[in-house]
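Visitor: Sequence:
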Amino acid sequence: MSLLSQHRFEILSLVVRNVLTTNSKNFQLHGDKQLIAQILPTAPERAYVENNCYDSSLDLGSIAYTDVLQRLLRFGFEIESSTSGSYNPPKQEKSIIKDDPLLRLPQDSFVLQYTLIKKHVIE
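Residue numbers for the sequence shown follow my numbering, so the first one is 4 and each next one is one higher.
Think of the hints as simulated: they come from the structure by calculation, not from any bench. It is possible that part of the hints are untrue.
[Said to hold, decoys possible] Restricting the straight-line Cα-Cα distance to at most 20 Å, the calculated cross-link-like pairs of lysine to aspartate or glutamate (EDC-like) are:
1. K122 to D58
2. K36 to E13
3. K122 to D62
[Said to hold, decoys possible] Derived CB-CB ranges, DEER-like:
4. R49 to S8: 37 to 45 Å
5. S16 to V124: 20 to 28 Å
6. S16 to H123: 25 to 33 Å
7. E53 to L115: 18 to 26 Å
8. C56 to I125: 25 to 33 Å
9. K122 to N55: 14 to 22 Å
10. L76 to V114: 19 to 27 Å
Note that the Cβ used here is the ideal one computed from N, Cα and C, for glycine as well.
Based on the provided sequences and hints, a complete structural model is requested.
Guide: What follows is the structure, encoded as structure tokens:
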């Protein structure tokens, strides 16, 4: 007779926006708030947009997403999947004022998304 073990999974999603232009510090980490607080212990309460979403743009002391990935790997998480993509923001209306910011063309936005999983065996 074989023993079947059950598993419990912790899942986090890391979404990085405009990685090419923001020094890699513009990201959101989605998952259990208590778990995120272990990964980012100095994150202020205002950086939590919702109960289960940390937004680095609201944290003046945020670190680069690569440092967050390193921390997650040290905590035993594995990268289950990653995706990337880019898009052009909608064009803004033209202004009649010379050198108006509205005349500048928007830059492409580049997004990375990682799904990280930590598996626990329950006996």
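Visitor: Now look at each hint and say whether the structure bears it out.
Guide: Each hint tested on the structure:
Distance check on the hinted pair: K122 and D58 sit about 25 Å apart at the alpha-carbon level, beyond 20 Å; violated. About 12 Å separates the Cα atoms of K36 and E13, which keeps this hinted pair within 20 Å; it holds. Simply put, K122 and D62 have alpha-carbon atoms about 29 Å apart, too far for the 20 Å limit, and the pair is violated. Distance hint check for R49 and S8: the Cβ-Cβ separation is about 41 Å, which falls inside the suggested range of 37 to 45 Å.
At about 23 Å, the beta-carbon gap between S16 and V124 stays in the expected band of 20 to 28 Å. For the hinted restraint 25 to 33 Å between S16 and H123, the CB-CB distance of approximately 18 Å leaves it violated. The hinted range of 18 to 26 Å is satisfied by E53 and L115, whose Cβ atoms lie roughly 21 Å apart. Here the CB-CB span from C56 to I125 is close to 27 Å, well matched to the stated 25 to 33 Å.
For the hinted restraint 14 to 22 Å between K122 and N55, the CB-CB distance of approximately 20 Å keeps it satisfied. For the hinted restraint 19 to 27 Å between L76 and V114, the CB-CB distance of approximately 21 Å keeps it satisfied.
In the structure shown, a violation is registered for the earlier hints numbered 1, 3, 6, in ascending order.
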